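S.K.: One-letter residues, chain by chain:
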Amino acid sequence: MATEKITMPQLGESVTEGTISSWLVKEGDKVTKYDPIAEVLTDKVSAEVPSSFTGVIKELVASEGETISVGDVMCLMETEEKGAREKEKTTAEQPQTDPVPTEPDQSMKKRYSPAVLRLAQEHDLELNHVTGTGKGGRVTRKDLEKIIQSGELPQKEEQEASISSHTTSQPSETITHAGDMEIPVSGVRKAIAQNMVRSKQEIPHAWMTVEVDVTDLVSYRNRMKKEFMEKEGFNLTYFAFFVKAVAQALKKYPQLNSTWQEDKIIQRKAINLSIAVAAEDKLFVPVIKNADEKSMKGIAKEIFEFANKAKANALTSQDMEGGTFTVNNTGSFGSIHSMGIINHPQSAILQIESIVKRPVIINNMFAARDMVNLSLSLDHRVLDGLICGRFLAYVKELLESMSEENIQIY
Amino acid sequence: MPVMSYIQAVTTALKEEMLRDEKVFILGEDVGKKGGVFRATEGLYNEFGEYRVLDTPLSESAIAGVGIGAAMYGMRPVAEMQFADFIMPAVNQIISEAAKTRYRSNNDWNVPITIRAPYGGGVHGALYHSQSVEAVFANQPGLKIVMPSSPYDVKGLLKAAIRDNDPVLFFEHKRAYRLLKEEVPNEDYVLPIGKADVKREGSDITVITYGLCVHFALQTAEKLANEGIETHILDLRTVYPLDKEGIIEAASKTGKVLLITEDNKEGSIIGEVGAIIAENCLFDLDAPVMRLAGPDVPAMPFAPTMEKFFMVNPDKCEKAMRELAEF
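Residue numbers (this note's numbering), protein chains in the order written: chain A, 1 to 410; chain B, 1001 to 1327.
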């Protein structure tokens, strides 16, 4: 059983409505297909409307004398067949796949229409700073008209113009000589290059270096090294101690754990330390998440695992996202002083240089001490010398006090 | 003000003009005793008699030719083609004679004829009863082509066509005949031929169209307004010669233009509208000019599914207008 609708048919070429002059059936009547059920009058003709189905008249929806549009329901019928409505239902019940939320498409951001370019020129607007509401992030004419009306015009700055002209300039043709090798730039290399250019151009870098006496740490670690390896199955590196100290210091000076956002500075709560891991021609920066909450062993283990993954090319993008500050182990290459480029959008990077035995004066006497330089690059928009000086002093204090008595590995 | 259907507005305009000027007469197939197959001339035969409402043989070239001759002698004939599709045998008369007489005779002669014809699909009429033929005549200087979209415009423009001193083709959408109703003043009024009309003000997108599609665009605009999309709608009303100023103004207003016609897309009226916009509005355009039209197939199909595929309808309008608004 199914309920079917009988609708007003089109009774002529220009007819859009019809008047029911009389019903030839009443509710409850049995009719067979093609039986006349009503007389309908239009501007042009008077005609009998045949039933489209065999069944019982359930309800006369339109009354006699009523004028209804072509396609509107005249009456309802109960039929034996499986009705159209049920068929509709089954199709409607098919699972609807939810649209997968995707990143907003920005492919049209730099496609400007003639109207947009004209308005930008007339009002000296910087289109890079306009958020487009059009398809693919396109800046629409209406977007600009709204901005112009509001009077808050993002104007071109001279300096910025000169920077962007640098970035857009094509590399000049370089002459190659016999024996020179041309190496195509790989995806990773290109990404590194772009990030470095961006970071170096956007962030006003400033630098600072402190010298730390880690003699006690070195002797402790040398004593523990073998035992730890046997017990845990991986190396207890110096780097783990430095990472631990930096995490602790960031807890005290969260200013360095932040991001520049043009009109605001975002100070991060989580201390996620990016560590640079080199693998031949590539550079990865996996992240030790919540480093301040991890033990020395935990940190050492994560560094070990990241290094292995990097060698096997198995680092995932999850491993590498969310960093808030970078610790860079430049000492492993023998460097004793370097000036790092900040890992955009973080606001500082700390280079841990080589530990070198050097003569140092303590209490007016020479002593052979294990010395290490810590070089900090800072985003001068976010940070100043004072706060960074205090931060470095605190890292120094933490490292110099690390000795057998107070180091907790577990 | 009485509410009138589109076809009642036609009848009213004819009647009022026949009362006003005894030079006005009607000729065509079945226009007399029967009152026209669509009832456009209903009652006129009884009121004005057989010499002012002439039933002609089934010969469109004669209907046009006789009309043209009478017009040159100072009469104001209103010739009816039963369906616009049937105008083809009269094309030679219309294009070679009516359109060119004033030019050829250096202003000594003119042809004040109005040729009415119902056009358009969506009525299950298929080939011979559904075509849009305006593009055939739309590059013949000397002709004017009027295609009204509402009862009010029908009355004002048909009167203007009859009073015009040159030949006017007056195409009426047959589906609009009984579908569209609105208040039409009893008074005598004429609307200017050659002037487009803003049917709705809006700031997001511009729709330029004519005929029944104006109605679809208005319906869709109403719906989209609930979502904050404001549509500017320009009704061309006269599709030849085009109201260039009106088109430029409407296109420049939003910079996002959708052109709609029920006719086949290629070589249609809206192609010329697109060219006018391209020539004049480049620096105001914010999106490629978009066209919604019938497919380039030879005729309106008969099968309901295929007719639906061919015809412009509110769903197609909505899809296109939304796409343009989002661009």
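Just so you know, the hints here were simulated from the structure itself, not pulled from any lab data.
Predicted, not measured: the structure shown is a model, and the values here were computed from it.
By construction, the Cβ of each residue, glycine as well, lies at the ideal position given by its N, Cα and C atoms.
Mixed in with the good hints, there may be bad ones.
Restraint-style ranges between C-beta atoms, simulated for each label pair [what the hints assert, rightly or not]:
no.	chain 1	residue 1	chain 2	residue 2	range
1	A	Glu145	B	Asn1226	18 to 24 Å
2	A	Asp72	B	Asn1106	56 to 62 Å
3	B	Gly1043	A	Lys146	55 to 61 Å
4	A	Ala2	B	Glu1047	49 to 55 Å
5	B	Glu1266	A	Thr131	37 to 43 Å
6	B	Val1198	A	Val188	23 to 29 Å
7	A	Pro9	B	Phe1309	16 to 22 Å
8	A	Gly65	B	Leu1058	53 to 59 Å
9	A	Thr32	B	Asn1226	26 to 32 Å
10	B	Ala1299	A	Gln149	47 to 53 Å
11	A	Glu145	B	Glu1227	28 to 34 Å
Every beta carbon over 12 Å from chain B, so not counted as near; a handful from chain A, in silico [said to hold, decoys possible]:
no.	residue
12	Ser14
13	Gly134
14	Val360
S.K.: Now look at each hint and say whether the structure bears it out.
M.R.: Status of each hint after checking the structure:
no. : hint                                : result
1   : A:Glu145 with B:Asn1226: 18 to 24 Å : holds (22 Å)
2   : A:Asp72 with B:Asn1106: 56 to 62 Å  : holds (58 Å)
3   : B:Gly1043 with A:Lys146: 55 to 61 Å : holds (56 Å)
4   : A:Ala2 with B:Glu1047: 49 to 55 Å   : holds (53 Å)
5   : B:Glu1266 with A:Thr131: 37 to 43 Å : holds (39 Å)
6   : B:Val1198 with A:Val188: 23 to 29 Å : violated (58 Å)
7   : A:Pro9 with B:Phe1309: 16 to 22 Å   : holds (21 Å)
8   : A:Gly65 with B:Leu1058: 53 to 59 Å  : violated (39 Å)
9   : A:Thr32 with B:Asn1226: 26 to 32 Å  : violated (45 Å)
10  : B:Ala1299 with A:Gln149: 47 to 53 Å : holds (50 Å)
11  : A:Glu145 with B:Glu1227: 28 to 34 Å : violated (19 Å)
12  : Ser14                               : violated (4 Å)
13  : Gly134                              : violated (6 Å)
14  : Val360                              : holds (69 Å)
Comparing the model with each earlier hint shows violations of hints 6, 8, 9, 11, 12, 13; every other hint is respected.
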